[in-house]
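K.L.:
Sequence:
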Amino acid sequence: MKKQYFRFVVFLAVLGVVLLVVVDIGRKIYVNHLKSAPPQTQILDRIDSDLMPPTSSNPPSSQVDKLEEATDFNYPTFQSRFTLEFRSHPPVQKLRVQNLDSYQLFCLNEILKTRHIDFATDTKGRATTLIIYLPRTPIRQALLNDLSYYKIPYKLD
1 MKKQYFRFVV FLAVLGVVLL VVVDIGRKIY VNHLKSAPPQ TQILDRIDSD LMPPTSSNPP
61 SSQVDKLEEA TDFNYPTFQS RFTLEFRSHP PVQKLRVQNL DSYQLFCLNE ILKTRHIDFA
121 TDTKGRATTL IIYLPRTPIR QALLNDLSYY KIPYKLD
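Numbering follows UniProt numbering, in which position 36 of the sequence shown is assigned residue number 36; successive positions increment by one, without gaps.
None of these hints come from the bench; they were simulated from the model.
Cβ atoms here follow ideal geometry from the backbone N, Cα and C, with glycine treated the same way.
Possibly wrong hints are sitting among the right ones.
As the list claims (entries may be wrong) - Taking lysine-lysine and the DSSO-like style, the derived pairs with C-alpha atoms no more than 30 Å apart in a straight line are: (1) Lys113 / Lys155; (2) Lys155 / Lys124; (3) Lys94 / Lys155; (4) Lys113 / Lys151; (5) Lys94 / Lys113; (6) Lys151 / Lys94; (7) Lys124 / Lys94; (8) Lys113 / Lys124; (9) Lys151 / Lys124.
As the list claims (entries may be wrong) - Across the chosen pairs, the derived CB separations fall in these ranges: (10) Gln4 / Leu84: 50 to 58 Å; (11) Ile25 / His116: 47 to 55 Å; (12) Phe119 / Gln4: 52 to 60 Å.
Please work from the sequences and hints to get the whole structure.
P.N.:
Printed below as a string of structure tokens:
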């Protein structure tokens with residue numbers, strides 16, 4: 001009972017400290033926002049000056065004249081550079097196991113799935129060919145030994 005009460009008190013203390021930190025950060029952000037905002041009178045003066053008609057005696061120039069006087073602008077752009085690094089794949093060797101019956105195909109499928117070896121099947125008529133993509137690792141030699149042990153004929157490409 002005392003442990004639970006102690007844990008609850010510690011939890012409340014930590015929660016209170018976190019709440020105080022969040023409130024302090026929020027207050028600082030709010031105060032900085034108020035300092036950076038221009039006074040309301042400056043905004044009203046700027047709006048009034050924009051709405052007032054020009055007092056010059058020159059007639060208003062046309063849009064075409066303004067376009068002729070326009071200078072080149074440098075628009076802001078963001079330049080990004082990306083580098084793509086592809087994983088290097090170990091060299092792969094194809095192993096073809098031809099003329100499999102359904103039981104052999106099922107057993108080899110399960111073995112290849114458990115060892116996470118990529119393979120494909122090609123069925124033409126009643127003949128099924130299993131194409132195994134062997135990486136050059138110890139798994140390769142173990143699979144070749146298994147095929148030899150079970151007397152399953154294979155051909156390396």
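K.L.:
Now tell me if each hint is right for this structure.
P.N.:
Going down the list of hints, with the structure as the test:
1. Straight-line distance between C-alpha atoms of Lys113 and Lys155 comes to about 20 Å, which keeps the hinted pair within the 30 Å bound.
2. Between Lys155 and Lys124 the CA atoms are separated by roughly 18 Å; this keeps the pair inside 30 Å, and the hint holds.
3. For the hint linking Lys94 to Lys155, the alpha-carbon distance of about 9 Å falls within 30 Å, and the restraint holds.
4. Distance check on the hinted pair: Lys113 and Lys151 sit about 20 Å apart at the alpha-carbon level, within 30 Å; holds.
5. Between Lys94 and Lys113 the alpha-carbon distance is near 17 Å, which keeps this suggested pair within the 30 Å criterion.
6. Taking the CA atoms of Lys151 and Lys94, the gap is about 19 Å. The hint holds against a cut of 30 Å.
7. For a cut-off of 30 Å, the pair hint linking Lys124 to Lys94 stands: about 19 Å separates their Cα positions.
8. For the hint linking Lys113 to Lys124, the alpha-carbon distance of about 23 Å falls within 30 Å, and the restraint holds.
9. Between Lys151 and Lys124 the alpha-carbon distance is near 23 Å, which keeps this suggested pair within the 30 Å criterion.
10. For Gln4 and Leu84, the Cβ-Cβ distance of about 54 Å falls inside the hinted range of 50 to 58 Å, so the restraint holds.
11. Separation of Ile25 from His116 is about 49 Å and conforms to the stated range, judged on CB atoms against 47 to 55 Å.
12. Checked against the hint of 52 to 60 Å, the pair Phe119 and Gln4 passes, with Cβ atoms roughly 57 Å apart.
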